[in-house]
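Dock chain B against chain A, hints included.
These protein sequences, in sequence, are chains A and B. Position one of the first sequence corresponds to residue 9 (the working numbering), numbered consecutively onward. Position one of the second sequence corresponds to residue 9 (the working numbering), numbered consecutively onward.
Simulated from the structure, these hints should not be mistaken for laboratory data. Computed from a prediction, not measured in an experiment: that's the story for all the values here. Don't take each hint at face value.
Pairs involving identical chains hold if they fit within one copy or between any two copies, as the list cannot separate such chains.
[What the hints assert, rightly or not] Distance condition first, Cα-Cα at most 27 Å in a straight line; then the derived BS3-like pairs of lysine-lysine:
id	residue 1	residue 2
1	K132	K102
2	K132	K44
3	K126	K44
4	K44	K99
2 protein chains.
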Amino acid sequence: MEGTVNLLLLFDEDFQPDGTARLTGRRAQHAREVLKAEPGESLRVGRLNGLTGTGEVLENAPGLLHLRVELTDPPPPRAGVDLLLAIPRPKALKKVLPAVASLGVDRIVLVNAARVEKSYFDSKVLNEAFVRELLLQGLEQARDTRMPEVLIRERFRPFVEDELDAVFGPEPLRLLPHPPASLSLQARDITRATRVVLAIGPDGGWVPFEAQLLEAHGFLPFSLGPRILRVETAVPVLLGQVTLLKAPAP
Amino acid sequence: MEGTVNLLLLFDEDFQPDGTARLTGRRAQHAREVLKAEPGESLRVGRLNGLTGTGEVLENAPGLLHLRVELTDPPPPRAGVDLLLAIPRPKALKKVLPAVASLGVDRIVLVNAARVEKSYFDSKVLNEAFVRELLLQGLEQARDTRMPEVLIRERFRPFVEDELDAVFGPEPLRLLPHPPASLSLQARDITRATRVVLAIGPDGGWVPFEAQLLEAHGFLPFSLGPRILRVETAVPVLLGQVTLLKAPAP
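Only chain A is shown next, with the shape it has when bound in the complex (with noise of 0.2 Å):
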């Protein structure tokens, strides 16, 4: 499995009708092979969008972990960041899920681009159930519950043209990493905003329709410098850089 378990996380259909939880699968795999759970002991549990706590290992058997629960704590603060991201290879795809949901990022819209290769959308990484995993492992390490809401669009104009403010909402600043821009992100006073949304595009950018139609709905732009970067890496440097500047989230 990749990633690391800070948190085994529990869901809904886990729970008995005593209140305790029963694993099975990777998770009950984990548990058994990977922390060597004995009963008695206690394991970092969250239930998926709701709280964090203990969980005491009444049994771990093969395929089967059964949890005494008890869910006390929220999880991390949110990021207050979504993200409009144009759809990276696949490799880098698995790479940039897990990461920005261990971000706490709330919202990503997975959007085709000019510059996106028709072929990722056949891609197996794209399917709802691998998101889903990629994301969890990504919740899993920064010990978070809250899964990150993803939409796929294969229409680029159309979503940005009719879809875009119902989705993001009216009170995110808009933001637009792109290379041509003169202003860097601190002259994008965004130390008031308390909500964010960033729209990165592919390896090779955002062709200039693409960023004039951005910029017609709101988006902001600001330069990265002069270093080109993956996807991969723009992401979680974009992602840091805007959490630490930015509002807290409310």
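Relative to the frame of chain A, chain B by itself:
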């Protein structure tokens, strides 16, 4: 091949007495199969550790790319950051090294730590040629020419006690991202630092002895917040944040 070649790197041994460059191997293959560069076309090139410019294609034959080279421009400015990095899992190191090179880090010391698995030292990823290849990918991506210096040290304590000062020099601000710290990065006034060393621990973090030894050698701890990040996410996040806040490298 991994990565995008936004700049074709030329090595000293490529240069002919008449000033033209003859490239072989992976780079010639890339120019022929991916760039499909025809005679007369200009490619963006850079000389390793030197200037960037253009290479006019004289011949693009199987296994040989012959260029007339004009080198006129400096590579992007340095980030002014060095890394002391506990040796990551081999899969993480394969992601981290290209990212670090693309972000303009000058020096990377890969050091053993209590939570580094012994088997990582036997990994082919730590092989000198392989490390160089990963760093070259990052330079080609970011249009940089400056190869980061890499040191590998099998013993943490002797490195910190006997070698660290000489390797990093006295002037950089030494920073230790460390979860138990209470101060944030902003509280560590780094806006006047022109050089920074970041000491990034393994997955699971530095053990208390290691963190204490680093603090005794001037590393200032700061908190990354409540989220536990994987090394391959933490490195670009932290480099993005530090390069955003610090003074430009001289």
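Hint-by-hint comparison with the structure:
no. : hint        : result
1   : K132 - K102 : both (11 Å within a copy, 23 Å between copies)
2   : K132 - K44  : neither (32 Å within a copy, 30 Å between copies)
3   : K126 - K44  : between (44 Å within a copy, 21 Å between copies)
4   : K44 - K99   : between (31 Å within a copy, 24 Å between copies)
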